[in-house]
Amino acid sequence: MAVKEKAGRGAPPAKQRGMTLHQRNTLVGLSFITPNFVGFFLLNLIPIVFAFWLSFNRWDGYNPMEFAGLDNFKYIFAHNVFQQAVVKTLIFTGCSVVITMILSLGLAVLINQSLKGIGIFRTAIFFPHVASVVAVAAVWQMLFQKDMGLINEILRHLGVTDVPGWFASTKWALFGVIIVNIWKSMGYYMIIYLAALQDVPTSLVEAGMIDGANAWQRFWHIKWPLLRNATFFVVMMLTINSFKSFDLIFALTEGGPGTATTLLSQYIYNQSFVSWDYGRASAAAMVLFAIVAVITLVQFRVEKKLDT
Amino acid sequence: MKRFLSLVLALAMSLCLLAGCGGTGSNSEPPAGGQPAQDAAQPAEDTAKPAEDAAQPAESTELTGTLKVSGWDMEVSGSLFKAVIDAFTAANPGVTIEAIDIPAADYGTKLSVMLNGGSDVDVFWVKDADTIYPIASRGQMTDMNSYIQRDGLDLGIYNGQAEDFNIDGKQIGMPFRTDYYTLFYNKDIFDECGVEYPSNDMTWTEFEELAKKVTTGEGVDKKYGAYFHTWQACVENWAVQDGQHTIMDTDYSFFKPYYEMALRMQEEGTCMDYGTVKTSNLTYTGVFSDGSVAMLPMGTWLAATMIEKVKSGESSVNWGIATLPHPDNVEAGYVVGATTPISINAASPNQDLAWEFVKFVCGPDGAAAVAGLGGVPALLDDATLKALTSVDGYPEGALEALQVKNMVRDRPIADKVSEVNQMLGEQHSLIMLGEVSIDEGLAGMGEQSKTIQGG
Amino acid sequence: MTNKMPVWKKVILYVVLIFICAVTLLPLVWMLSASLKFDKDVFRIPIEWIPSNPAWSNYQRIWEQVPFLRFTFNTFKITLITTIIQVFTCSFAAYGFAKCKFRGRNALFLIYVATIAVPWQVYMLPQYSMMNAVHMLDTHAVLILLHSFDAFGVFLLRQFCVGIPDELLEAARIDGLSEYGVYRKIVLPQMGPSIATLVIFTFVNNWNDFMGPMIYLNSTEKKTIQLGIRMFVGQYSTEYGLIMAASVVSLIPVVIVFLAFQKQFVQGIATSGLKG
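Residue numbers (the numbering used here), protein chains in the order written: chain A, 10 to 317; chain B, 400 to 854; chain C, 9 to 284.
Everything labelled a hint here was simulated from the structure, so no lab data went into it. Among the clues, some could well be false.
What the hints assert, rightly or not - Here's a subset of chain B near chain C, in silico, CB distances under 8 Å, partners left out:
1. Trp471
2. Asp472
3. Glu474
4. Val475
5. Thr495
6. Ile499
7. Pro502
8. Ala503
9. Asp505
10. Lys509
11. Val512
12. Asn515
13. Asn680
14. Thr682
15. Asp689
16. Leu701
Idealized CB from N, CA, C, for every residue including glycine.
Let's have the full structure, built from the sequences with the hints guiding it.
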């Protein structure tokens, strides 16, 4: 609370004489950002910059570092497990982002109602995000069980004779993992869309109704453009979280069978805690970082273009 | 670089705290409170130098001080670590032990972060054999040789286990407890089938035959003759049991007979299918304690769990224990296992006291405490073995079954073991699932092992 | 206001919702069922959904075997303080990033967002060394600090803040409100649903965090619920029945917080009246 008082009442920079409007704006802007930025800078940014530096060094985590230039990057790019991990991560991320976005938006629209008991339904759909990973993994492993699992049972009823082995097969494990990931995260992004839908001015929707637009037209022409900021956020977070996804996959398959579900995040984990090579781990993380930074930049450009 | 960073950050952080941005959160504990005033920066890189400390006579003075000791599963009933810590503080009332209890699955991660990050832990047990070498090579374990000489300790009493923790002439760990594979069996199933119980001298071929005789039933009621858990150890260990090869070899053809056996038994239905076990999260304790398998090759640690389960009424299995089956070329009593060591943090300011603790828990008093709970101490003589197998709940004949002629480490203590072990686990799953043939799998193992060890 | 919806539409909606919830709630049902079983029965196939011999004692043992009450209290303390700091500093910074124009704003924001992409594993060690240097290991303060200044919250709220019409703010400024006044009187009230979202996410994240407490806390009396649950996972045996019982208990506060805050998501519609 102290932070607010300090920034809110003490030393209002706005009224000082001799300042240009530009300087004043900057000061005001910074005063809003500073409380968070100080903590962010010290606790997150400094260690992250350190990790960035680490990617150009050889380090066992304890003894002095040795500058290694681009060696770490050369090593990981030549490492076939890394290459495979990147490809799998892209597949995983691509599928997760597209499907989860559509599903979460659909659910949000569906559930943005004032029905009796709607809170219970929302809680239920959000539940997979909250549920313990151990329990989630256990249930899905049983559902995906090759011979007795419910999913293959259904497939057999539908006439599929050669049912997939899911987590016991290198071909299908990744898809199994994607399905569970979508299931677990759709409620989370639904909440974001749900919050965003509250910002759609009802007057606009009503105007649409009077114009005789049907539900789809009302959604596409009125709501969807207003959901742009939320969609940017959802796409970014989905991308980042899919890239970083670790706990759930580890609980489901431990990266296996073989290395069938070893994604980039697990590769980074292995480099730090199995191979004890923090330099290579950081280098791999920087690749991930670069991909996300590019996507962010592109999104920014699009956002700006739409604004003008 | 690191020292500089720490200092800059320390300064920045304290400024931040003064400015109040730490605010509401930090009032419960004063940030710099009870911590010992230890230098914030890392201590010397060198493996510690207890030589000069060792010169002081430690005789007959009462020990005082505080030690931070890290281990796992300390809250679990029957914790051996807790037992030896209690025994030590009972014998040395002047010493306070602060136990750091870490979740077992994440022990390696946290231990390495604590050691690298400069935490003030004094003494630690090492859980996974493959993490010993990396920690030692970073210079984070004290060389205990000078203490051993000073106190005239004879390492011969550990039956060769102490030498495992001697790396480049430095004694970086002391053997604390030992676990080796043995054969657990379900007496009721053998009785029902009218088959004699497994003997203490049986080859793996005989084991496979025996499994056929005690496999009964169909579907949900099926009782499997044998059970191999999903770890690669539960196939590959039998291949290193004779002491001729280790998992660090790059030609893995010596695994072949055991993979053939495991796949054959899986095919014939005399052991549970790997895919089923893996994807239905089966635990070896679960399947054995509910009576659905007849024979389970597993580590000695399982005995304590089974005793507990039977005592609590959770399991009604009438179980027995026999010596682990052996390869054709060696005699019974050649077993495979691992020793859990205890080490001193080279950066600890309490080297002398830490050594006293290590000496105690690895000595006769510690061994007695371990055996009292049914665990196998590394300091194992006939009397101790007798004591532990007479713990209430141990099956008859355990004393004979647990006799060891030679114990091979399942994972050697060397560089890159953790990476090789990880890779073997990946390939193991492919072979057991039938995704690759045995030959392809073994060739893959060899190739990757070369890359890992060569690079 | 729902009166306008024809009955058949309502029925279809309910049917669809019930079906979706059946899929999402499956693990909960399984958790409840497993929490009443002995370990050896937990993974038995076919699943026995209603245990014939329920082990109610699991719910008693979790309190006796580990100091679960203490853990719950600790988790509450950490989660509550973190959530308050987050909502506060994040909404503030979000306004700065969304509505104050100054040079370097976008670059700074880009840094914020990009750091979210760096996996914790690679900067965990330097962070730990820093905390050790200021003697903050094994305190709750360290967890509160680390979680309070996440870039995520700033990003989330900024995206919502951008959508507030500039005309609204301009009008307020003309009325003589300072930027801080605009933030408090105009922006904050508009951000109800998004702040509710942040509260829910922050609460859930902190409540379920395992790695942070695992790395930073040593003493048993300072540990949190998630660490407590892992105490039932031993090196050699795992007490699944107890894990599930503890997980079910630990879910209750999360569900309460969610139910309370999701009410924010109907107000927009309710107050402006869709009925027309």
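Going down the list of hints, with the structure as the test:
A cut of 8 Å between beta carbons decides the hint on Trp471 of chain B: the least distance to chain C is about 6 Å, and the hint holds. Because the closest C-beta pair between Asp472 of chain B and chain C is about 5 Å apart, less than 8 Å, the hint holds. Among the interface hints, the one on Glu474 of chain B holds; its C-beta lies about 5 Å from the nearest C-beta in chain C, closer than the 8 Å criterion. Annotation: interface hint on Val475 of chain B holds; nearest CB of chain C at approximately 5 Å, less than 8 Å.
Interface restraint check: Thr495 of chain B against chain C, minimum CB-CB distance 13 Å, threshold 8 Å, status violated. Taken as an interface hint, Ile499 of chain B checks out: its beta carbon lies about 4 Å from the nearest beta carbon of chain C, inside 8 Å. A hinted interface residue such as Pro502 of chain B counts as satisfied when its beta carbon comes closer than 8 Å to some beta carbon of chain C; here the least separation is about 4 Å, so the hint holds. Proximity of Ala503 of chain B to chain C holds as hinted, the smallest CB-CB distance being about 4 Å (cut-off 8 Å).
Against a cut-off of 8 Å between C-beta atoms, the interface hint on Asp505 of chain B holds, since the closest Cβ of chain C lies about 6 Å away. Because the smallest distance between the Cβ of Lys509 of chain B and any Cβ of chain C comes to about 6 Å, under 8 Å, the interface hint for this residue holds. Below 8 Å, beta-carbon pairs count as interface contacts, and Val512 of chain B has one with chain C at about 6 Å; its hint therefore holds. The beta carbon of Asn515 of chain B comes within 6 Å of a beta carbon in chain C, closer than 8 Å, and the hint placing it at the interface holds.
Given the 8 Å rule on beta carbons, the hint for Asn680 of chain B holds: about 5 Å separates it from the nearest Cβ of chain C. Evaluation of the Thr682 of chain B hint against chain C yields a held restraint, the C-beta minimum of about 7 Å falling below 8 Å. Annotation: interface hint on Asp689 of chain B holds; nearest CB of chain C at approximately 4 Å, less than 8 Å. The beta carbon of Leu701 of chain B is positioned within 8 Å of a beta carbon in chain C (closest approach about 7 Å), and the interface hint is therefore held.
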